[in-house]
Amino acid sequence: MGIQGWTYLFIFITFSVYVGIAIWSRVMSTRGFYVAGGTVHPLANGAATAADWMSAASFISMAGIISFLGRDGSVYLMGWTGGYVLLALLLAPYLRKFGQYTVPDFVGERYYSKTARLVAVICAIFISFTYVTGQMRGVGVVFSRFLEIEIFWGVFIGMVVVFTYAVLGGMKGITYTQVAQYCVLIFAYLLPAIFIAITLTGNVIPQIGFGAEVKGEEGVFLLDRLNGLNRDLGFSAYTGGSKSTIDVFFITAALMVGTAGLPHVIIRFFTVPKVSDARLSAFWALLFIAILYLTAPAVAAFARTNFLQTVSNTAYSEAPEWFRNWESTGLIKFEDKNGDGIMQYYNDENPAYASMAESNGWKGNEITVDRDIMVLANPEIARLPNWVIALVAAGGLAAALSTAAGLLLVISSAISHDLLKRMLLPKITESQELTVARIAAGAAVVIAGYFGVNPPDYVASVVAFAFGLAAASFFPVLVMGIFSKRMNREGAIAGMLVGLIFTAGYIIYFKFINPQANTSENWWFGISPEGIGTLGMLLNFAVSLSLGKFFPPPPDAVQRMVEDIRVPRRDHGERR
Amino acid sequence: MSKIDTRADDTPPSRSRQKYWRANLKILLLLLGVWFGTSFGLSILAVDVLDRVKFAGFPLGFWMAQQGSILIFLLIILVYTIWMNRLDKAYGVEEKRPKAGHDAS
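Those protein sequence lines, which keep their order, are chains A and B.
For the record, in the first sequence the residue sitting at position 102 is 102 according to the working numbering, with numbers rising by one throughout.
For the record, in the second sequence the residue sitting at position 22 is 22 according to the working numbering, with numbers rising by one throughout.
Wrong hints could be hidden among the right ones.
Claimed, not checked - Below, a list of computed lysine-lysine pairs in the DSS-like style, where the Cα atoms sit at most 30 Å apart:
1. A:K243 - B:K54
2. B:K89 - A:K485
3. A:K511 - A:K549
4. A:K485 - B:K54
5. B:K54 - A:K97
Just so you know, these hints were derived from the structure itself, not from any lab.
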């Protein structure tokens, strides 16, 4: 069977499973719809959180990014895992004890303010829409590349599937499909990685093989070989960095804090029965995430080595088969600038290397590569059977769909629960609220699908937004809400607004208003727009803590609530 | 259940709650110190110094940044989970049983 046949088969099987789970897990109550009834086992919640968190970007793009960045790529590895430490230690157990349905719920009640709730609702919807658009796009891309059907139909099929389980099953349907999706995506990620580790280094475990000697060449370590290959072509050494230390520091911090402040991740911890389960499921979540995140840097190094060894300075007529296959997708391009029929790939932006290139008769870098190819073409580069290639397609879809569903729930609950039930129409019944939640989820799927087909061209740059805004708005407000009894609504709202406006202003200036100025000389303290959320977060804390002192402390009921969420045991007669 | 759990009906005295909270904060500070030290300390600020050491074929700083830090994060959460469960029991504030779910599905 060919690649397409296998792909259709795998997609059919996995999608049937997802829809089957949706039908089995229909819900009839808002508690079921928003938090799966609070009955999810911590292990299942861990797997669901991992799938919820690992998006199309983690699955398809991350290894490729690291492959081109080398050590600088560590910001993503540490940033997107280290955030779970903050989440587990500072937020998850306490927010679980609070026991409501959404993040704006906590902000609104803790700061006894509809304004605070509204700001939180706007942030949650903005962050989630930014993110979900990328997922829908990922679905379309996988369909179009593996099945050669139009992006529109790819996105459409994805929408129908997400619609079915998100609208029918709410959080419960999403949770159990995410568990299934985790299994699909992790298997699809590990299998090619293991095979490549074996071919390149003779070692079964990619994480060890990545530091081992190159197969058949004693005394030559893979990373030393890779450093040499990189340097010979004018790139900086793979294990050395080229970003400034302060920027690496701030980007890592922004990604960590942003991760801990993302509403679709936080609400996953509302679904377990107990506070201790919230802690435990944070451990399971990071374990399941780490399995992929520890493999990604190995895949990155293998892919880079393979790429430089088989493509660079090879005659085009002798290009490997996968190169030809992927040329048709536009993900890799060869342009023979000096007309010698040989593919020159080197760093033509390195002035120190220019004379070297000239003496070789090279007239600029001739190969343009999309970073996504490092994962998508991996099985072909390693000459794996067709079904493994098809499995990667199913894995990419699982990663994109699982994240999309979690985000859609945040959007739907922000509208039906926070905006409608808690602010505009407090008198609606539970079943009316549930209907609105389903309609909102459905509408959000359609809007996300539209942007997936017609992506605004700024999608890539707004991802920095999602993390920066989560870091600068939600994280400080949530942490102070738990750890400072004295923090009042005036301080919190002012802090949130200052953090938001500062961060958004900085990113908008460098990404949209004046993109030419987006270089390290113009950045404040050398901090790039990707890392500015850290500064926004610090500003938020500073403003809240100082301004809050001039206003009265929160009412007694709120202070008692804070005391209460700090202790796992439920008191008698307390509302849940 | 025939036995009545009397403790569940009393609010624990607030002094013991305060002690519990202080013990909790100590655990947090210690573990967040480890978190900060491994990620921002060893893997970012001291990365070039550590790179002079070779570890299983890796420059140590590079390994810490791409593998070691993630493993330590995992360990931090595991230690936190076990430690907090013990603390909850020591102060008698652990949850006995999950409340039955109200999901009508």
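Hints versus structure:
{"no.": "1", "hint": "A:K243 - B:K54", "verdict": "holds, 22 Å"}
{"no.": "2", "hint": "B:K89 - A:K485", "verdict": "holds, 25 Å"}
{"no.": "3", "hint": "A:K511 - A:K549", "verdict": "violated, 36 Å"}
{"no.": "4", "hint": "A:K485 - B:K54", "verdict": "violated, 48 Å"}
{"no.": "5", "hint": "B:K54 - A:K97", "verdict": "violated, 46 Å"}
In this structure, the earlier hints numbered 3, 4 and 5 are contradicted, and the remaining ones agree with it.
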